[in-house]
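Number of protein chains: 2
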Amino acid sequence: MRTATIEPLLSVRRGKSAVEFYQKAFGAEVLSLIEEGGVVAHLSVNGAGFWVADESPAHANFSPEFIGGSTVRIVITTEDTNAVFDRAIAAGATVVYPLKDQSYGWRVGRLADPFGHHWEIGKPLR
Amino acid sequence: MRTATIEPLLSVRRGKSAVEFYQKAFGAEVLSLIEEGGVVAHLSVNGAGFWVADESPAHANFSPEFIGGSTVRIVITTEDTNAVFDRAIAAGATVVYPLKDQSYGWRVGRLADPFGHHWEIGKPLR
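Chain order of the listed sequences is X and A.
FYI, in the numbering used here the residues of the first sequence are 71 to 196.
FYI, in the numbering used here the residues of the second sequence are 71 to 196.
Chain X with its partners taken away, still in its complex shape:
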């Protein structure tokens, strides 16, 4: 395969609010935003991309609110674990597991966002 990127596409309710939340919580930049017929947004956090789209259960795009949980966690790896974690909480995320140096060699903590998606904020320990 020639050069590839892998980016998660998060199904949410209230897509417009979700985009605003990710801007505030993670400093996400909006690369593209379609609102017609449901929100589809391409976002970037320091060059690392992800997508957000309004759910559509008829097309098997389920929000965590619809389905009662999430099947994919989103891992942000950054040197600034504490600052990223704290900023997201200030924006309205809730702590699932606090930041902690783990025996398997990562410093990592887990957040739930107001739309039901879970984020792991971490970095490998030296």
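Hints may contain errors.
It does not matter which identical chain is used: a pair holds within one copy or between any two.
Here are the simulated SDA-like pairs of lysine to any residue, each with C-alpha atoms no more than 20 angstroms apart in a straight line [to be verified]:
id	residue 1	residue 2
1	K193	I104
2	K193	T73
3	K193	Y167
4	K193	A118
5	K170	V100
6	K193	A74
7	K193	V110
8	K170	A130
9	K170	H129
Hints listed in this document are in silico derivations from the structure and should not be mistaken for laboratory results.
Just so we're clear, the structure is a prediction, and the values are computed from it rather than from any experiment.
Based on the hints, put chain A in the right spot on chain X.
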């Protein structure tokens, strides 16, 4: 935030089989693999990373099989849409939507893998 990566972490049943499937379907390389106490694997497709881990509903890590759908699609952007799509199907993925040039300027198709995760294989059209 200093340099960040964003990588999806897919909850699955039969983690070991899932890792083997992603190797076959997408030519994924295994960067790290822990099997003790449940599979946790870090994979890479041409430098683009993602994670696979055995589900743990008690810790809110739900597989699509457990919860009956998926909340995040995984978008692979590559010039080789047809080859990637066909290889994944040969490995056992099923077509949700065939590859097609879309009016919004992407060529994209959607696959379901045997573990219930959905993949969008696409590229922007010029």
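Hint check results:
| no. | hint | in the structure |
| --- | --- | --- |
| 1 | K193 to I104 | between (33 angstroms within a copy, 17 angstroms between copies) |
| 2 | K193 to T73 | between (25 angstroms within a copy, 11 angstroms between copies) |
| 3 | K193 to Y167 | within (15 angstroms within a copy, 36 angstroms between copies) |
| 4 | K193 to A118 | both (15 angstroms within a copy, 17 angstroms between copies) |
| 5 | K170 to V100 | neither (31 angstroms within a copy, 25 angstroms between copies) |
| 6 | K193 to A74 | between (23 angstroms within a copy, 10 angstroms between copies) |
| 7 | K193 to V110 | between (29 angstroms within a copy, 16 angstroms between copies) |
| 8 | K170 to A130 | between (35 angstroms within a copy, 18 angstroms between copies) |
| 9 | K170 to H129 | between (38 angstroms within a copy, 16 angstroms between copies) |
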